[in-house]
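Enquirer: Listed here are the chains, written in short residue letters.
Protein chains: 2
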Amino acid sequence: MLVVQKYGGTSVGDLERIRNVARRIARYKEEGHDVVVVVSAMAGETDRLLNLAHELVEEPSPRELDMLVATGEQVSSALLAMALNAMGYPAKALVAFQIPIKTDELFGKARIRDIATDRMLEELKKGYILIIAGFQGITEGGDITTLGRGGSDTTAVAIAAALGADVCEIFTDVDGVYTADPRIVPKARKIKRISYDEMLELASMGAKVLEIRSVEFAKIYKVPVHVRSSFSDEPGTMVVEEDETMEKVLVSGVTYNRNEARISLYGVPDRPGVAAQIFGPIAEAGIVVDMIIQTGRPDGRADMTFTVPKTDFKKTLRLVEGLAEKLGLEKIEGAEEIAKVSIVGAGMRAHPGVAAKMFEVLAQHGINIHMISTSEIKISCVIDEKYTELAVRALHEAFGLDREPEEE
Amino acid sequence: MLVVQKYGGTSVGDLERIRNVARRIARYKEEGHDVVVVVSAMAGETDRLLNLAHELVEEPSPRELDMLVATGEQVSSALLAMALNAMGYPAKALVAFQIPIKTDELFGKARIRDIATDRMLEELKKGYILIIAGFQGITEGGDITTLGRGGSDTTAVAIAAALGADVCEIFTDVDGVYTADPRIVPKARKIKRISYDEMLELASMGAKVLEIRSVEFAKIYKVPVHVRSSFSDEPGTMVVEEDETMEKVLVSGVTYNRNEARISLYGVPDRPGVAAQIFGPIAEAGIVVDMIIQTGRPDGRADMTFTVPKTDFKKTLRLVEGLAEKLGLEKIEGAEEIAKVSIVGAGMRAHPGVAAKMFEVLAQHGINIHMISTSEIKISCVIDEKYTELAVRALHEAFGLDREPEEE
Numbered sequence: 001m002l003v004v005q006k007y008g009g010t011s012v013g014d015l016e017r018i019r020n021v022a023r024r025i026a027r028y029k030e031e032g033h034d035v036v037v038v039v040s041a042m043a044g045e046t047d048r049l050l051n052l053a054h055e056l057v058e059e060p061s062p063r064e065l066d067m068l069v070a071t072g073e074q075v076s077s078a079l080l081a082m083a084l085n086a087m088g089y090p091a092k093a094l095v096a097f098q099i100p101i102k103t104d105e106l107f108g109k110a111r112i113r114d115i116a117t118d119r120m121l122e123e124l125k126k127g128y129i130l131i132i133a134g135f136q137g138i139t140e141g142g143d144i145t146t147l148g149r150g151g152s153d154t155t156a157v158a159i160a161a162a163l164g165a166d167v168c169e170i171f172t173d174v175d176g177v178y179t180a181d182p183r184i185v186p187k188a189r190k191i192k193r194i195s196y197d198e199m200l201e202l203a204s205m206g207a208k209v210l211e212i213r214s215v216e217f218a219k220i221y222k223v224p225v226h227v228r229s230s231f232s233d234e235p236g237t238m239v240v241e242e243d244e245t246m247e248k249v250l251v252s253g254v255t256y257n258r259n260e261a262r263i264s265l266y267g268v269p270d271r272p273g274v275a276a277q278i279f280g281p282i283a284e285a286g287i288v289v290d291m292i293i294q295t296g297r298p299d300g301r302a303d304m305t306f307t308v309p310k311t312d313f314k315k316t317l318r319l320v321e322g323l324a325e326k327l328g329l330e331k332i333e334g335a336e337e338i339a340k341v342s343i344v345g346a347g348m349r350a351h352p353g354v355a356a357k358m359f360e361v362l363a364q365h366g367i368n369i370h371m372i373s374t375s376e377i378k379i380s381c382v383i384d385e386k387y388t389e390l391a392v393r394a395l396h397e398a399f400g401l402d403r404e405p406e407e408e
Numbered sequence: 001m002l003v004v005q006k007y008g009g010t011s012v013g014d015l016e017r018i019r020n021v022a023r024r025i026a027r028y029k030e031e032g033h034d035v036v037v038v039v040s041a042m043a044g045e046t047d048r049l050l051n052l053a054h055e056l057v058e059e060p061s062p063r064e065l066d067m068l069v070a071t072g073e074q075v076s077s078a079l080l081a082m083a084l085n086a087m088g089y090p091a092k093a094l095v096a097f098q099i100p101i102k103t104d105e106l107f108g109k110a111r112i113r114d115i116a117t118d119r120m121l122e123e124l125k126k127g128y129i130l131i132i133a134g135f136q137g138i139t140e141g142g143d144i145t146t147l148g149r150g151g152s153d154t155t156a157v158a159i160a161a162a163l164g165a166d167v168c169e170i171f172t173d174v175d176g177v178y179t180a181d182p183r184i185v186p187k188a189r190k191i192k193r194i195s196y197d198e199m200l201e202l203a204s205m206g207a208k209v210l211e212i213r214s215v216e217f218a219k220i221y222k223v224p225v226h227v228r229s230s231f232s233d234e235p236g237t238m239v240v241e242e243d244e245t246m247e248k249v250l251v252s253g254v255t256y257n258r259n260e261a262r263i264s265l266y267g268v269p270d271r272p273g274v275a276a277q278i279f280g281p282i283a284e285a286g287i288v289v290d291m292i293i294q295t296g297r298p299d300g301r302a303d304m305t306f307t308v309p310k311t312d313f314k315k316t317l318r319l320v321e322g323l324a325e326k327l328g329l330e331k332i333e334g335a336e337e338i339a340k341v342s343i344v345g346a347g348m349r350a351h352p353g354v355a356a357k358m359f360e361v362l363a364q365h366g367i368n369i370h371m372i373s374t375s376e377i378k379i380s381c382v383i384d385e386k387y388t389e390l391a392v393r394a395l396h397e398a399f400g401l402d403r404e405p406e407e408e
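Just so you know, the protein sequences line up as chains X and L, in that order. Reminder that position 319 of the first sequence reads as 319 in UniProt numbering, one-by-one numbering, no gaps. Reminder that position 394 of the second sequence reads as 394 in UniProt numbering, one-by-one numbering, no gaps.
No wet-lab data here; the hints were simulated from the structure. For every residue, glycine included, the Cβ atom is placed at its ideal position computed from N, Cα and C. The hints are all genuine.
Reference listing, derived: stretches of chain X covered by chain L, where coverage requires no fewer than 3 residues with Cβ under 8 Å from a Cβ of chain L: (1) 40–53; (2) 57–64; (3) 78–88.
Derived CB-CB ranges, DEER-like: (4) R48/L x N368/X: 52 to 62 Å; (5) E241/L x E16/X: 52 to 62 Å; (6) E122/L x R113/X: 20 to 30 Å; (7) L2/L x E105/X: 25 to 35 Å; (8) M1/L x E105/X: 25 to 35 Å; (9) R48/L x K125/X: 33 to 43 Å.
Extracted from the complex, chain X is given alone in its bound form (with noise of 0.2 Å):
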């Protein structure tokens, strides 16, 4: 089997641990296996050196920033392949330009256009493990580049789907997918199986298990992504194609997002080129809008009701008293203390109902709804911040969660 694994910043904070990391993989080796690790850099090492940057000038060259960073990952795998080696498992450390690992020219954001398997064939087939530095890549032109924040598991997925690995087992600090987060629902279940697109809800929804470009690089390539533990041997959550046993359950998880903040402008024109004019300069500021709903009214007018982060309130309503006046606004109003809730299920596509559930469950708790937006496999409420614990708790138990489903 061709196994390739991936291993955080905290599965390598320290030289025990880069140890500790080397048996596991040592024993996968034992079993007969081919292994592909893709490392992190040190747990706070990419951050020392963003901060070396930043305290050096203000505004850092984006090319010589990519530089800077990608020695962290450098480091892990020379260090964790000389801690095979000097077990007796030879073993070969590998940066993005060895293999080599090509990417756009986005420096801090760059995308993976293109991984070279010979080299690693080739070293494989010598009986080498291979130690991957993760979180970058090199241009055409052979400039250095990096992947973003939780690029190493892009990396991962990305070289299980270019050499045709049997599985990408990512190692993290949390042992799998939870139905839910086990701090406010202590009845949450690690999920065993779950779907890429389910996945990809979940991890935008703040499930931070996996980075969601990873998620996306896996659905396309149909990587089965394994996550789990790098402190247990448990077996964590699978992330692979979607399949009939999928659908028959409704609803996989319950999320929640207390980290936005809800702004609506009532009397809003309703002709067009309006929304462009109010988003436009909020898109600019280079603040994210996360829910849009617009409803009209019988006068002709529309009232508009937006998410943006809590960290950009304020601006945002700046941004919007600013127009106030041009667009004839008749009130600007909006509120920070609001969560989003979220259910997520892959079974929602075959099964009418799950969102009047959703709408009942919270009414029978007393909870009131200010906003709703739906996708195929999720359906979201913006509810008042205070019910954000009774309403995750309440949906969890409504829709099974608690209980193991059924196997075929």
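Position chain L relative to chain X; hints supplied.
Expert: Just chain L now, kept in the frame of chain X:
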């Protein structure tokens, strides 16, 4: 003018010093020069990385150790380029694979085989200042190598040679090469110009200003090297091809070395192969023998004296004691309290009598000579350690090194 500059670890030891170096580089650019800069790792960084590796495993695999240690210069070159970019001087950091700087495969002490100039010339033409990570290269197969301690000097000289630079300036924490150690000889003068050969003899004698391989490189490719302080604007010492004016100076400098010990073997059988029997086991034990002197005796036997590093003295004694019976040696004797005092000067070639004058000066001060060894431009005497300072000062004065040489 095309100037190659090298800044050592102390010169880029912290962010403030990096900013200072950037300002100095900017000045050269303002004067209209093309500038290529080679940097070492920030002071202490190479040792930090080496310690990390040796804390992790007893014997780090050489390939991965080089990969690890090479990050030190990648960090400093990226930071220095950032500082220049922030000041408005377009700069690009380049690591070995981006040039490329090709070496052999001797990890930890690789030798430069070839430096491509296309990329560098192209970037210079575009107006970039180039900041090159020193001390490292890549093999034909793309593995990262390092050139060994002081390797950044070699990188700088090799790049200056490849680009046909007008001068290679080595900025360091001393301000040049002196006629003697100023801590011992207060009247020691900074040498304005010195030949490659003299510099080689001085460097190998312990005047640790320039790495010896970089001088060999400079000599082969006739690169004028300017050794100077990164903390001042004073000119330092030019290391250049020998010319007639140099021959007028009998002696350029006086050096000493207190790190060796002497071992004497009496009654060595005078037959072919004996020397190999003695020095074979010593070499196999990794002990570097410096001077060797053998004198025949009327009885057909010989007496042999040699020096080894003080740290290897006891080990060497045990080794030769093991041979005593087999070779029928009469006596083995050794001394640790010795020093080697040397005078170096290209002028010796043309002027006989320099050696005689050296012996006379030592005799006048009552200093007994235990061993003598000579090369074309160097004479070394082993004396009792306690006379080191006296000998160095006496020779410095006797050969007129206190006075500035006459300019032509």
